[in-house]
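Peer 1: Chain B: place on chain A using the hints.
The primary structure of each chain is shown beneath.
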Amino acid sequence: MTALELKDIHKVFDSGRKNILNGLSLTVAESEFVSIIGPSGSGKTTLFQLIGGLEKPTAGEVWIGGQHTTGSRGHISYMPQQASLMPWRSVSANIELALEIAGVERKTASRQAKEWLDRIGLLEYADEYPHVLSGGMQQRVSFLRALLSPQPLMLLDEPFGALDALTRQQMQQWLMAIWEQNRRSVLLVTHSIEEALLLSDRIIVLSSAPAVILKEIAVPFERPRSAQLWREPLFNELKQSIHELLH
Amino acid sequence: MGNRGWKGLNAIWPSLLLVIILFAVWQLSVDGGLVPEWQLPSPTTIVNEMVEVWPRLMDNSSATIELALIGFVGGALAGFILAAILHLIPLIRKAVYPLLVVSQNVPVIAIGPILTIWLGYGILPKLILVWIVCFFPVSVAILNGFKDTDPTLRNYMQMIGADKWRLFIRLELPNAVTHLFSGLKIAASYSVLSAVVAEWLGADKGLGHYMILSSKGYEPARVFAAVFLIVLLSLALFGLVALIERLVIRWRPVRGAGRT
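Top line first, the protein sequences correspond to chains A and B. Number 136 in the numbering used here belongs to position 136 of the first sequence; there are no gaps in the numbering. Numbers in the numbering used here are just positions in the second sequence, counted from 1, shifted up by 1000.
What the hints contain is simulated information worked out from the structure, not anything from laboratory work. Note that CB positions come from ideal geometry on N, CA and C, so glycine has one too. All clues stand as given, with none of them false.
Computed list of lysine-lysine pairs in DSSO-like fashion (alpha-carbon distance at most 30 Å, straight line):
(1) LYS18/A / LYS1147/B
(2) LYS1164/B / LYS114/A
(3) LYS1147/B / LYS56/A
(4) LYS56/A / LYS1164/B
(5) LYS7/A / LYS239/A
Simulated restraints, written as ranges between beta carbons of each label pair:
(6) PRO220/A / ILE1249/B: 51 to 61 Å
(7) THR1152/B / PRO39/A: 21 to 31 Å
(8) SER1015/B / ARG119/A: 47 to 57 Å
(9) ALA162/A / ASP1148/B: 14 to 24 Å
(10) GLU61/A / LEU1091/B: 25 to 35 Å
(11) LEU1018/B / ALA162/A: 43 to 53 Å
(12) GLN1039/B / HIS131/A: 51 to 61 Å
(13) LEU1018/B / ARG73/A: 49 to 59 Å
(14) ARG1246/B / ARG73/A: 35 to 45 Å
(15) VAL1177/B / GLU216/A: 44 to 54 Å
(16) LYS215/A / ILE1249/B: 44 to 54 Å
Isolated chain B (complex conformation):
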C-alpha cells in the first residue's frame, strides 16, 4: 500500500470501526437471545445462507446489474442531452425546467404499475423506470455546471470573440464535467435502488424478485442476503463512477501543492 492508501485508511478507520462494532452488537444480541432469530437473523446466519444459495443469487444479480447498468447509461445520456438542449435554447429551458422539477414529486413507485399496464412484464417498463430515476440528477447537475461557469473566464472568451458554440464547447462544457460526475454518482446509487423497486413490481428474475419470493416464503435470511448484495452493487457502481472521474479529471490541483 502506498502513501495514499495509508492516508485513505487514516480517513476511514473511525467509520470502519463503527461498522464493526454495530455488526458485533447485532451478532451478540441475536446469539444472546435478545432478538429472535426468525425476526432478525444474525450476520453469520446471513453469510452462511448467502454461501448456500450463491448460484441463485448470482443469477438474479446479473439480471439486476443488467437492468441497473443499461438504465444508468441510458438515463445519464438522456439527462446530458436534455441539459445541453435546455441550456442552449433559453425558450425551451423556460418552458421545460419548472416541469422537470415538479415531475420529481411524482413517486416513481406510482408510475410502475402504469408502465406495467402499458408495456407488460418485459424488461422495457423496468428500464424506463430506472431511466426516469437516473436522468434527473444528471441533467440538473450539468445544467448547474453550465450556469456555474466562472464569469471572468466567460468575459475573457467573449472579449476575444468566441461565439455561442465555441463558448459552449470550449468553456461551459469542460467546466460542467465536475458537476456531471457528482450527478453521475447520485444516479449510480439510484440506478440499483430503482432497478430493485422495478423488479418488486413484477419480474421473473432479479434481486428484487428474489426478495419478494423469499419474503413470501418466510426466509428472512435470504431477504437479508439480497439486501447485502444490493448494497454491494450500489457501492461498486458508485466506486466505478468515482474511478472514472479520477481518470478523466486530472487538472484539479492537489491541495497545498500549487505555488503562489
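Next comes chain A alone, as it looks inside the complex:
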C-alpha cells in the first residue's frame, strides 16, 4: 500500500494567471521517508495544503493510504515550522489534543503522551505550559504529537527552519534516531540539502513555479545512518549535484 499518491496534480490561482503546480505526480511508499526540496516559491506550501485537503487541485487526484482523499481533511498528521502548541494547554494536553482530533480515545491518548514524553526525556515537563520549553524542546513535542497521531502519512513542513544551526543539527540526529526505530511514512519539505540527504530515502527536486519534478534521487546510504555522513565523498557529490539543479 502506498502512503501517498499524487496523480497529475495541477493548481492554478487567480483564474488562470498564477500557475503553481503543473502536472505533479509523486508517491510515498509505506514506511518511506521522502523529502521535497526546491527554491522558495516553488509551491511547496500549496502542495501541502492540497495533501492536507485545505485546497482542492484544479485537476488531478490525491490518494492517501489507498483512499481517494482529494479535498478532504483529517488524513495526515502534521508538523509545521512553528511548533504551534496551544499556549493554554500543558505539554501533555497538547499531544492529547492532536490524538483526540485524530479520533484516539482519551485514555489511550493520555497514556501514550506520558509514555513517549518519558522516552524522549521530557516527562518532567508534561504538566508545564509550552512557554517554559526552549525552541528545540517545543519542536520535539511537536514532532512527537505528529508521530503519535494514527494517520497514514506525516507531513513535516520545514520543521527545523526556525531553529539555530546547532539546535537544528541536534534535532536532525534526534529525529533520525526516533524515526529509524518507528518508521512512519513521511513527506518532508526542506530548504536544506544536507538535511534531506541525511534523513531521506528519496529526494524529489522541484523547479520554481509552475513546479515540475526536476529529478528524483534515491539516497543510497544504509540505515542506521551515522551523524558523520557528511564526511563521505558520495554525500558531497550528491549535495553538489542537487545544488547545481537548484541554481
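Peer 2: Coordinates of chain B only, in the frame set by chain A:
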C-alpha cells in the same frame, strides 16, 4: 507582604502620592476659605457625613450592588452568546454587526425614560438598561478574540483535520478568553455607572436615588459621600474581575522567565 506586593507598591506609589497631594490641596483650600464649604465640602466633612448616614448609605448601596451585579452578569452572558452566534454564522454576523456598532451611538440615558414608560418603576427597566450597557463591550471583545486567532495555530488545526466545531471549542474559544476579560473589566466599571444612571431616572432606593434626594435637599456632603461609594463599588467590581482573570488565565508566561 511578599516580593510581588513590594513590586506592586513600587509601581503605584507615584499615582498614590498624587492622589494624597490632591486631597490635601482640596482640604486646605476649603479650610482656608478659598472655596465655600456649601459649594464644595472638604474631604473630612464628607467622611464625617458618611459615618453619620452610614446605615442609609449601606441600604442604598446594596440596592445598587444588586442592580449592577445582575445587570453585569446578564449583560456579559448575553454578550458572550451573541458573539458566539455572530462568529459561527457569518450571514448573521454580516447582518447584525454593523447595527450593533451603530446602536452604541444611542445614548443610554435617552432610552431610560422610554423603558420607564413601557415597564414602570420596578427593577426590570433598570436591569435592562444596565444589561444593554454591559453587553456591548463584552461581545465586541470576544468577537475580536475569535478573529484574532493565531493563523499558524489555525492552519495547524485545519491540517490535522479539525472541523469547524473543534476549531471553535479547542482553539478560538480558549484564545478569546484573554479578550473576554478585557471586555468584562470594562463592563464591570460600566455596570455600576449605568446602575446609578438608571436610578436617577426613577427609583425608590439605590445610591442614584440617594444622590438625587440629597441634591434636592441641598446636602452636598451627602452627594459626595454617594460619589465616593460609587467609585469604591466600581473599583471593587473591577478588582473582582481582575482577580478571577488571574485565577483563570495561568498559562501566560511570566516576563523574562521563559527559555529561548
